[in-house]
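One letter stands for each residue in the lines below.
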Amino acid sequence: MSGHEEQSGTTGGYEPKIMAFVCNWCTYAGADLAGTSRMEYRPNVRIIKLPCTGRIDPLFIIKAFENGADGVLVSGCHPGDCHYTTGNYHARRRWIGFKHLMEFTGIDMRRLHFSWVSASEAIKWVDLINNVTDEIKKLGPFMEYRGLKDAPPQAAE
Amino acid sequence: MKIPYYPGCTLNTVAKGLDTSARGAAEALGFEMAELSQWNCCGATFPLSTDNVMGLAAPAKVLSGARKEGDTLTTLCSVCYNVLKRTNKVIKDNREKRAVLNGFIEEDYDGSLNILHYLEVLRDKVGFAKVKEAVKRPLKGVKVGAYYGCMLLRPFEDIGIDNAERPTIFEDLLKALGATPVEFPDKIECCGAHLAMNNEAVVTKLSGNVMASATGVGAELIVTTCPLCQYNLEKSAPKVSQERPGFGAVPVVYFTQILGLALGQDVASLGFDKSVIDIMPLLKNKEII
Amino acid sequence: MPRIGVFVCQCGNNIAATVDTKKVAEDMAKVPGVVYTCDYKFMCSSPGQEMLKQAIKEQRLDGIIVSACSPHMHEKTFRKASEAAGINPYRCEVTNIREQCSWVHHDQTKRVGTIKSNDLTRMTIERLKKNSPLTRIKIPVKKKALVIGGGIAGIQAALDIAEGGREVILVEKEPSIGGNMARLSETFPTMDCSQCILTPKMVEAELHENIKLYTYSEVEKVDGYIGNFTVQIRRKSKYVDEDRCTGCGECIEKCPFKTDSQFELGLTKRKVIYTPFPQSVPNVPVIDAPNCPKIQKDKCGACAIVCGPKCIDFKMEDKIVTEEFGAIVVATGYQLMPNERFDEYGYGRIKDVINGMQFERLASSSGPTGGEIRRPSDGKVPKSIVFIQCVGSRDEKKGVSYCSKVCCMYTAKHTMLYSHKVHGGQSYVFYMDIRSGGKRYEEFTRKAIEKDNAMYLRGRVSRVYEKDGKVMVQGADTLSGTQVEIEADMVVLATAIVSRDGADTLAQRLGIGYDKYKFYNEYHPKLKPVETVTAGIYLAGTCMGPMDIPESVAQGSAAASKVLALFSSDEMAREPITSVVNKVTCNACWDCVTACPYSAIERDTIKNRQGEVVRWVAKVNDGVCQGCGVCVAACRSKSIDLKGYTDEQVFAAINAF
Amino acid sequence: MKITLSRDNIESALIHQIERISGEDFKRCYQCGKCSAGCPVSYEMEVPPSQVMRLLQLGMTKEVTEANSMWVCVGCLQCYSRCPQSVSVAAVLEGLRQLTLRKGEDHQQIKDVPIPFLKKAPQQAIVCGFRKFVS
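As you go down the protein sequences, you meet chains A, B, C and D in turn. Letter 10 of the first sequence, counting from 1, is numbered 10 in this note's numbering, and no numbers are missing. Letter 57 of the second sequence, counting from 1, is numbered 1057 in this note's numbering, and no numbers are missing. Letter 206 of the third sequence, counting from 1, is numbered 2206 in this note's numbering, and no numbers are missing. Letter 135 of the fourth sequence, counting from 1, is numbered 3135 in this note's numbering, and no numbers are missing.
Among these hints, one or two may not hold up.
[Unchecked claim] Here are some chain C residues pointing at chain B (derived, C-beta under 7 Å):
id, residue
1, E2264
2, E2340
3, Y2465
[To be verified] In the SDA-like style, the derived pairs of lysine to any residue whose C-alpha atoms are separated by at most 25 Å in a straight line are:
id, chain 1, residue 1, chain 2, residue 2
4, B, K1016, D, A3013
5, C, K2269, C, K2299
6, B, K1089, D, Q3085
7, C, K2518, C, K2299
8, D, K3120, B, K1089
9, D, K3027, C, S2480
These are calculated hints, taken from the structure and not from any lab test. A virtual CB, placed ideally from N, CA and C, is assigned to each residue, including glycine.
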């Protein structure tokens, strides 16, 4: 149902689908700033806003891939700047812990990006999206999970 | 202790005094200046233009050669020191230029050499305290102006031998030798350098400023680490005396010469005879010799 | 089946230029559960909102999607509108198709933008289906304010809050309030004396029934949240009983020991038992313990002997007091950059090279020279003074990249004071730009040049050195393109304004942000200039960056008005975005307790009818929980969820990807 | 004097060439004049260091290449060492020298170098001098 495939027409060639989990205070605001500053970046990313990167359940990431994402991006406040003082540290710690699990579940770590983008770093956000998009493009579509989607979505509960 | 040593062209000829006195002093302090088995001119100026890699080839050759003889290299002439140390940094930090240079000189040098000025050797390897102990002829009551010049200090990021605005390494040595260093404002200003070739007026003015600034605060002697500074100052002295009423020229010698003197070396061996303004009267009336 | 309405905003041309809003509306109509869609020029306009309300009533909608600008922009607006039309505000979601779509994808064919807007909207629709109605949390507000820093900004804030009828505790780490302003001689551009305008305010603060002064005190620990802060304050031992001291000053008279005066910036000495300056508030001396022989090695004790009311106690110790506040105003001020960093200017080496603040003391009638301009080295009256601007400011290499803002003005003032006090004295000012933006500021600097004969030279100084009792200044005048050498008697450096030492530590205690120069961050540089990201904590004055007295005062008042607004009601409503524990499945591993940054999760028990504890479960304190969701991701048994961001909602959005 | 500014001059190939050779970005200079203040030879320069930077910012290459500044600069690096913006005017002047020398235009005819100088002066002066004045 999603329209990414059609999109290929606009820039030519395969267009990856990227899901971004960002925190409400830094990265989401940074992305907004990119907008208010009328910067341009690749359209492949779909943002899901969460209060804090600390809220991110590793299952979100796996689900994203299961739902056809070719790459996933997680971005929050810089260490020390977390709106919730330590949320991003939790995220980082959890991230280190689950890296191996992700690999185990067959996810190429190059498809997974973790970054800090502050509310003022519109440029960094733009570069980040462009670079991630290009890298995923190189890797090609993520096939490992294709078909899983047809299984009943009880996993969501 | 044996330290690989790069004399440089000038020290082999007009600045022999700087070389011999340094070797002698080293011996007295229990280390040996092991002259590199092979060396060439350093180029006498660090190319300020970023694309002039050719200008780095000569010093690179020196460095790669020295690396084969040890992990440190010491030198006396400020200019050699400046050129070698900066070139070394380029080779160390700039992979691109490193590759090009190694291509030129057909070597594989990585910038791992530690370039030390003789002053640094005395401060960091020997220690001024130890120098002090070794003093046999304390330079009591001699008011000395320590003239750093440019190349020994700048740019700070690359050289970093001492605070670029308020260095003390030179004065600290002089204190160890029993002399009385005088603080003069122009000690880090320029002498006119290579303009000696075609712009004597400028050299006379700059060197004049330096000397006047030193004698102005009572310096009876000026010491330097750089043959070009020494040359410019001495050569300008007569003209400066004419141009500036009340200015009295003072001897300008190399720091290693008075170091040797203090360490009790044979005065004749120190090469004072080479200098235009005779230091002997001063030494005699201070009863040092 | 839900009845969802989707409203696509064109935002004039801001969205419509690169997104086919009409098509988005049509496409969304096909999504199951969506019963009404439309697109409109300005959804946020009142007709737009009316339309939304209308539709809710006519279509009996139970959920609203507005695809428009960033939720940070108008989420509140649309939720309010929905509420007005009778549906729960949290059943209204905003899709960001402007900042994160139309504005960043410039494809004129509208193709890219339309596709992305479709995806984003669809994801939000699916999410919305899982949104359960929420009600705002009401929390009580403690109507007492803490003001940190007793400079002019802090004093102003404290006075305004107190005038508003609320209690204030003003904490100052020095023995007296007054801050840096107390050091100034005259103030630009009016030239009225700093003491004359500041001292009355200081006294007013001391005497005000609603203000309690905690001088010589520092904030140690901050807990809690807006309306309910608990703060630990260390009241450093003054060795003098404040309540009984009459401020007669006998002790200071008799104290035989002297040390450098910090208040006079080393220009003179003070006694070991001292008040920083004559007009100190409170007028209670303190003993400088490290320098007091009595306290160090039980010698002397003269002060105690002469003290009439016997209020000196050498055994006195620091006290930690804990107070509760509803709001905090941070006004910790600034300090000057250490000039020693600029060896070429000889500060510290050359006695007659001083900084601007030291000059203020020389010019101040209550200063070490009684207001006569005399140079430190030999006490002579300088015949010429060179003022150097931008020392450390606008200097990426050795200093800071920003402009310190007040130096242009106070240097002009200095030249005036100098010409008024020393007739025939010549002042020179090396400047890069004269920045005199402000009411009557430009006229002021012009006066310094035209009436008070200040010689302004556009250029920097390269070096300053001594030559037979003179201070030689070697600079340049770029306008004439010449080198300039000046034989001066004294040099004054306009040193950069920097944040206070320890500004970062305090920020971490308070949980507020700061920039790379350790100046505190306002919530929004334009629209929320005195708020911080932490609700209930406000900023005032130079702790935010360089500014002059009028600005600091204005901010003090602004912060006060924010506090008073907060205190105007007994309760405040909070977003209901908090965690909830599923008591049935919680197996009390306490991972959430350790994870929570706010210690908002408590250990609770479930008892049976007999009142015996059956098992332990986690319990979230709604008042403390800030809704970060760290606990949710930490919970092994998936027994905690975050209202507004439930797993269900997020997964629904992901599934619609 | 009056100048006519145009983007073609400001962004001319020559300007960019000098920027490339010297490795300095002219826009970095904010004209505080600290270089001119500290330069030991700026009194002798027809165009003092900070004005060299200014003229180059304006794209006025002729004025600086015709001035004696580049030949008077002793390369003592005082300008760079004190520049708040970390700009090295010395490098810029070196760039200008190179521009001329690489065209084969010597500033110093070797035959004109006084013999006593060649005899007495330290080699380093001679080598350095040739490097700075001779192509």
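To see whether the hints hold, each was checked on the structure:
Interface hint at C:E2264: violated, since its Cβ lies 27 Å from the closest Cβ of chain B, which is beyond the 7 Å cut-off. Hint status for C:E2340 relative to chain B: violated, with the closest Cβ pair at about 10 Å, above 7 Å. A hinted interface residue such as C:Y2465 counts as satisfied when its beta carbon comes closer than 7 Å to some beta carbon of chain B; here the least separation is about 4 Å, so the hint holds. Distance hint between B:K1016 and D:A3013 is unfulfilled; the C-alpha atoms sit about 48 Å from each other, more than 25 Å.
Only pairs whose Cα atoms come within 25 Å are accepted, and C:K2269 paired with C:K2299 is accepted, the gap being roughly 21 Å. Annotation: proposed proximity of B:K1089 to D:Q3085 holds, straight-line Cα distance about 22 Å (limit 25 Å). Annotation: proposed proximity of C:K2518 to C:K2299 is violated, straight-line Cα distance about 42 Å (limit 25 Å). About 33 Å separates the Cα atoms of D:K3120 and B:K1089, which puts this hinted pair outside 25 Å; it is violated.
Pair hint D:K3027 plus C:S2480 holds up; C-alpha atoms about 21 Å apart against a cutoff of 25 Å.
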